[in-house]
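Chains as they are written, first to last, in the numbering used here: chain A, 3 to 179; chain B, 3 to 179.
Just so you know, the hints here were simulated from the structure itself, not pulled from any lab data.
Honestly, I wouldn't trust all of these hints.
Identical copies look the same in the list; a pair holds intra-copy or inter-copy alike.
[What the hints assert, rightly or not] Derived DSSO-like pairs: lysine-lysine, alpha-carbon spacing no greater than 27 angstroms straight-line:
hint, residue 1, residue 2
1, Lys104, Lys132
2, Lys44, Lys120
3, Lys120, Lys47
4, Lys120, Lys65
5, Lys82, Lys132
6, Lys120, Lys87
7, Lys87, Lys5
Number of protein chains: 2
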Amino acid sequence: MDKDIKIAVDMDDVLAATYSQVIRIFREENENDYTDEWFEGKSYKEAFPGHHLEIAISIPHRKDFFDHLPVMENSPEVMKALCDKYDVFIVSAAMEYPYSLKPKLDWLKIHFPFIHWKNIVMCGDKSIIKADYLIDDHSYNLETFNGQPLIYSALHNLKETRFERMNNWEDIASKFL
Amino acid sequence: MDKDIKIAVDMDDVLAATYSQVIRIFREENENDYTDEWFEGKSYKEAFPGHHLEIAISIPHRKDFFDHLPVMENSPEVMKALCDKYDVFIVSAAMEYPYSLKPKLDWLKIHFPFIHWKNIVMCGDKSIIKADYLIDDHSYNLETFNGQPLIYSALHNLKETRFERMNNWEDIASKFL
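Assemble the whole structure, with the sequences as input and the hints as a guide.
This is the structure in structure tokens:
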């Protein structure tokens with residue numbers, strides 16, 4: 003039990019399967035021959051070449067996008083155990099998507115009801131965050147972090163080698179519990 | 003010019019005249035004999051005794067409350083000059099008011115259009131914030147802050163003596179510009 007230790011946890015692609023939802027919607031609505039393997043190790047720009055990029059980027063801006071996001075496997079159970087032991091904050095770079103703010107909060111209330119509103123942060127640039135650990139899928143968030151950065155595996159970051167890697171929520175449980 | 007210096011600026015009662023708006027609405031809608039002087043130096047609880055407290059606390063939870071908030075005098079001009087010189091973040095404890103998230107962002111876009119979404123933070127507990135300065139009207143936010151805390155004068159904090167005091171936006175200009 004060490005409530006003095008702060009763990010900041012990203013939301014999209016750590017708690018919520020955001021990128022796979024973008025891929026699913028894109029494939030359903032657009033002519034394409036993208037296989038599952040196509041996306042592995044590719045950045046957003048590489049994964050969606052040409053005019054496909056603009057379409058893909060617009061998908062999370064839809065008003066209802068965040069209403070039905072799937073939860074990452076095992077994240078609720080492990081998060082509950084983390085919250086019992088540490089001072090855990092959700093830190094989401096949500097400001098780019100104004101319509102996501104309230105739906106994201108509602109989504110957290112449904113799937114992670116044990117997280118107090120005091121421990122939820124919606125921001126832009128995460129360099130303003132002070133914590134002991136940051137679990138995030140984006141290298142640019144981890145680069146500016148002063149505590150210990152942990153990269154959560156996502157299709158777009160598989161080539162990144164600078165940060166300790168968490169492949170799934172079982173890895174997070176092994177590290178902290 | 004020192005963009006390496008981060009200044010975190012609270013929103014309610016520093017950029018926006020939130021408390022005076024609560025007082026105005028309360029007075030209009032409820033039988034009371036509260037004068038302007040009544041509120042000086044009083045906490046929320048002291049200012050609104052008995053069942054009045056519940057009514058006053060409910061006012062900022064209204065869906066349209068944040069749509070029409072007045073701007074604090076001189077704050078746009080001084081903020082613009084601060085943003086040119088420093089790395090300025092808006093840090094608002096907005097999570098308690100889910101309906102305020104989008105309206106607050108819209109309000110900032112109208113009155114402080116020069117602030118990038120990357121520099122806006124909506125949170126609960128501000129102990130997660132890392133910056134060099136925090137300008138805030140609430141002692142409990144300043145107490146947990148690691149940088150230099152600056153208290154922005156509000157009716158409820160006039161008795162507080164632990165923090166360097168900014169009486170208005172001219173004081174902030176004198177300190178930083």
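Going through the hints against the structure:
1. Lys104 / Lys132: both (24 angstroms within a copy, 25 angstroms between copies)
2. Lys44 / Lys120: Between. Shortest inter-copy distance 25 angstroms satisfies the 27 angstroms Cα cut-off; intra-copy 35 angstroms does not.
3. Lys120 / Lys47: Between. Shortest inter-copy distance 21 angstroms satisfies the 27 angstroms Cα cut-off; intra-copy 35 angstroms does not.
4. Lys120 / Lys65: Intra 25 angstroms, inter 20 angstroms, cutoff 27 angstroms: intra and inter.
5. Lys82 / Lys132: both (21 angstroms within a copy, 26 angstroms between copies)
6. Lys120 / Lys87: within (17 angstroms within a copy, 31 angstroms between copies)
7. Lys87 / Lys5: So Lys87 and Lys5 pass the 27 angstroms test inside one copy only (6 angstroms; across, 37 angstroms).
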